[in-house]
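Take the given structure of chain A and dock chain B to it, following the hints.
So you can see what is in the structure, the chains are spelled out below.
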Amino acid sequence: MAVARRRRRQKAAGRGKRGPPAALLSPPSSEDEAPEEVSFGVAKEAAETQRKLVGEAVRRHRELLREKRRRRQELFTEQKKRKLLPEALLQELAAAPTDRGEGQAAAADPGKHHGGGAVKQRQGQAVKQRRGRAQRQVKKAKQRKSARSKGNYTAVCLKDQSITGLHQQLAKDFLNTHLYGPDANRAQANDFFSLENKKNPVKKAAVQFVDKSWGQEKKERATRFKKIWLATQLKNQV
Amino acid sequence: MGEFEVHRVRFFGLVPAGVRCLACQPRGGRLALARTDGAVEVYNFAANYFQEKVIPGHETRSVEALCWAAGDRLFGAGLSGEITEYDLALLCVARSVDGCGGPIWSMAANSSGTQLAIGCEDGSVKLFQVVPGGIQFERNLDRRKGRILCLSWHPSDTHIAAGSIDFLRVFDVCSGQTVQRIMVNYHVLKVRRECIVWSIAFLSSGTVITSDSFGRVQFWDWQRGTLMESHTVSTSAVLSLAVSEKEDSIIVGTSTGATYQFQLLPVKMGSLEKRWVRTKPFQHHTHDVRAVAHSSTALISGGLDAQLVIRPLMEKMQKKGYDAALRKFTFPHRRLVSCARKARLLLFQFSQHLELWRLGSTDETGKDGEVLPLCRMPEHLVQLKSKGPEHIYCSCVSPCGSWVAYSTASRFHLYRVQYEGDGVSIKKVPKVPKLLLPAYQLQFSSDSGSLFVASARGSVHVLQLLEPGGCKHLHTFRPPSGSPEAVYLLASSADGHWLAAVGGDWAIHIYDLKCFKHHCTVPTYSCAVTALAIHPITNNLVIAYSDQQLFEFSIPEKQYTAWSRMVQNCGLHRVWLERDSPITHITFNPKNPSHILLHDIYMFCVLDKSLPLPDNSALLMNQSTLKQLPETARQRQLHAFKICKKFQPLLFADLLDENCLVMVERPIMDIKTQLPLPIQQKKFGT
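One line per chain: the protein sequences are A and B, in this order. Using the working numbering, you'd call the opening residue of the first sequence number 1 and step up by one each time. Using the working numbering, you'd call the opening residue of the second sequence number 1001 and step up by one each time.
So here's chain A without its partners, still in its complex pose (with noise of 0.2 Å):
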């Protein structure tokens, strides 16, 4: 019953020569009432511009999806595209004729520095050179491997050394995801030193304009905007 109300309501006021029939001006009575006549016609034309109007807005929430969707492709393809080398280099490598022999050196050299008492950083930075080489290694093998089907790789068991590394990266992430992390409720310098100056009888601005010394990025970037605009304000002129 509130529903015919509401749709006859709504005809009234899209055809306003007509005037609201006198139902409607009398004032909102209690549900108890029967309910009133509505023509069929009438029926049938508030139906359909509802229906018009909900196909509208599904179609406009399909649009804001495709977008959506679109963008989300864009980004994946631009950090695929980052993460490849840069073309120089790929075409490069790919054009590399002999890299096996290093290839078989550094296959050589966990072996011998397995025995060592070497200082642990040597061994790790070694460790790191020989890792970097051997994905260069690799990645040289890939591309060989595009570029010619035929290609035989010799694939390197470096020292378990890397493994602390990773296991300290991981410790790290942990200790920095709870307490810097998303759930971490952190606050920017500027704001957080800002609310003493706020609460003070007498009120200073934020630590950012008062202290010169603060806030150096957001300077810079303000008199290089400056410098656009101007400059794009004068080209417009003339």
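Derived by calculation from the structure, the hints in this document are not laboratory data. We put the CB at the ideal spot given by N, CA and C, even for glycine. Do not rely on the hints blindly, as some may be mistaken.
To be verified - Residues of chain B clear of chain A, computed beta-carbon distances all greater than 12 Å:
1) Thr1060
2) Glu1085
3) Gly1102
4) Ile1196
5) Phe1331
6) Glu1420
Stated by the list, open to error - Label-pair ranges, simulated between beta-carbon atoms:
7) B:Phe1684 with A:Gln79: 41 to 47 Å
8) A:Gln237 with B:Lys1387: 55 to 61 Å
9) A:Arg221 with B:Pro1281: 56 to 62 Å
10) A:Glu196 with B:Asp1072: 40 to 46 Å
11) A:Leu170 with B:Lys1274: 40 to 46 Å
12) A:Arg221 with B:Lys1387: 34 to 40 Å
13) B:Thr1362 with A:Glu196: 33 to 39 Å
14) B:Glu1379 with A:Tyr153: 30 to 36 Å
Structure of chain B alone, referenced to chain A:
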């Protein structure tokens, strides 16, 4: 006092590292502190909380737990998975043992100091025996899933409580089995986050105290597995917990920088039943408090804002005096700046690099308090990065500005600096003599012809600097009776005749540089030496101790001077003795032989020996009142101590020439921008 043109330097970008671990020595009156950059420091409570030892950090070293064992042996463990023992005499890492459990999150020593338990990333608790040569692996306790973030021994050494993520476990040490497993997050409704138990303590009554990431401090009965009391102290995590020796007081530190004390108090007057009550809140820090300690008389907290705060408990203090004052330490108790007076250069020591700056200059003059415009800005001449992951122990620049030296734990570098017009070129001196490293202090002689290197076991090496860029080892001085500790302070006389050296045993030895012999030893004093300098004309050695006492020792006569005896008889002013920070640099004015210039972090003082000493009834800091008095009244009220508190926090102050001073300040707010983020505080109306 005179009029000085002051170069006010604020471009020393020192950012001290945050405090990560604290450990009170059980019966020694020392506090060990570890920072986030791996540096370990030892503070001596009896010597007025002086930072007596510093072991610089390392790029790969992270210390997550620190503990004293077997009396005075200091052990640390970190995310690299190793247990390191620190050699406090040689100020370096003595040895390290791999824990074989991945990164180590926590470590605790048992009450007798004979065993160490470590909690590892893989969820295992491992026991190590502390033996005279190092530590030995004993056995693994029962291993379950979940990294062990905190550990605590029961005072009887029969059980160990370990906190993990969502759970806390109690192990029986003899059998190695888990005898109790309690779920910690059961009482938090609608919880999707994990509850991390950041710290744990085990009381002798069988109560286990945990602090977790929901801001709660909970008391558990481990045998029944029930929660006895739960106190929600904060909305952010409670990161650290420490119990007093008598087990009647606890201090907890939170992520917001607040610390709280809990005390075990009787429910009613005279009743036997006791409850834990949250008594005192403190807000001494702005950033996370990741380390707390409870000594017998004070609450100690260290935060990521690099501050160490020691709050003595009033009920433990006999009388209300300076002993009961709050102590806050932010800056190190040693010099990080060296100055080349003639060349007007400053060398700043950072943990992994050095910066050489030339001071600016001005042509104008002005009145007291005026700021003069610069005609030439200060220039950053050289930035020297130290090779390798080790942090720098000490550095120095020669008075003429053409030599720069620094030392890390395993390397010693000497550089020759040449100035061509406005440009600077720096060249490394090859073939430096092989010395036992590290060098703990470096000092160039006043004619820039020799370099003095403070080394281990009380020895000092004298290196001769050769033009155009070479170095030769001349002699090594050793104290006559030998000393196990390293030398940490050096002073040389202006005429190149005398050299004074102080070791970790606080004995000051004076050596004769002309005949390379030990000259004399200054009578021992019961406190640590914080600064040392030899007067250019009278060759008197001025010594500042950590309890703020000042002595003057005449080197040619081998005895204290008359002035020094007078100071000791009259006593120093009470306000002078109640200063918080030690004097880190003493220097002299060649034009005014009776002046001694000294400074600590909060004041700069010109001490005039020709004027009378103030007694306790006089005002010590009377410079502002003196300025307003007429000339005749001023003469009556003048006393020897002329103190200026305008420049603070002061890291270094020196006299460049007779009218020119340089003051290196480091405002605390400039450090706060570069610290990790603090927790947001919502205040009404902002």
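Quick rundown of the hints versus the structure:
| no. | hint | result |
| --- | --- | --- |
| 1 | Thr1060 | 7 Å, violated |
| 2 | Glu1085 | 16 Å, holds |
| 3 | Gly1102 | 5 Å, violated |
| 4 | Ile1196 | 6 Å, violated |
| 5 | Phe1331 | 19 Å, holds |
| 6 | Glu1420 | 32 Å, holds |
| 7 | B:Phe1684 with A:Gln79: 41 to 47 Å | 43 Å, holds |
| 8 | A:Gln237 with B:Lys1387: 55 to 61 Å | 56 Å, holds |
| 9 | A:Arg221 with B:Pro1281: 56 to 62 Å | 41 Å, violated |
| 10 | A:Glu196 with B:Asp1072: 40 to 46 Å | 43 Å, holds |
| 11 | A:Leu170 with B:Lys1274: 40 to 46 Å | 43 Å, holds |
| 12 | A:Arg221 with B:Lys1387: 34 to 40 Å | 35 Å, holds |
| 13 | B:Thr1362 with A:Glu196: 33 to 39 Å | 34 Å, holds |
| 14 | B:Glu1379 with A:Tyr153: 30 to 36 Å | 54 Å, violated |
Hints 1, 3, 4, 9, 14 from the list above are not met by this structure, while the remaining hints are.
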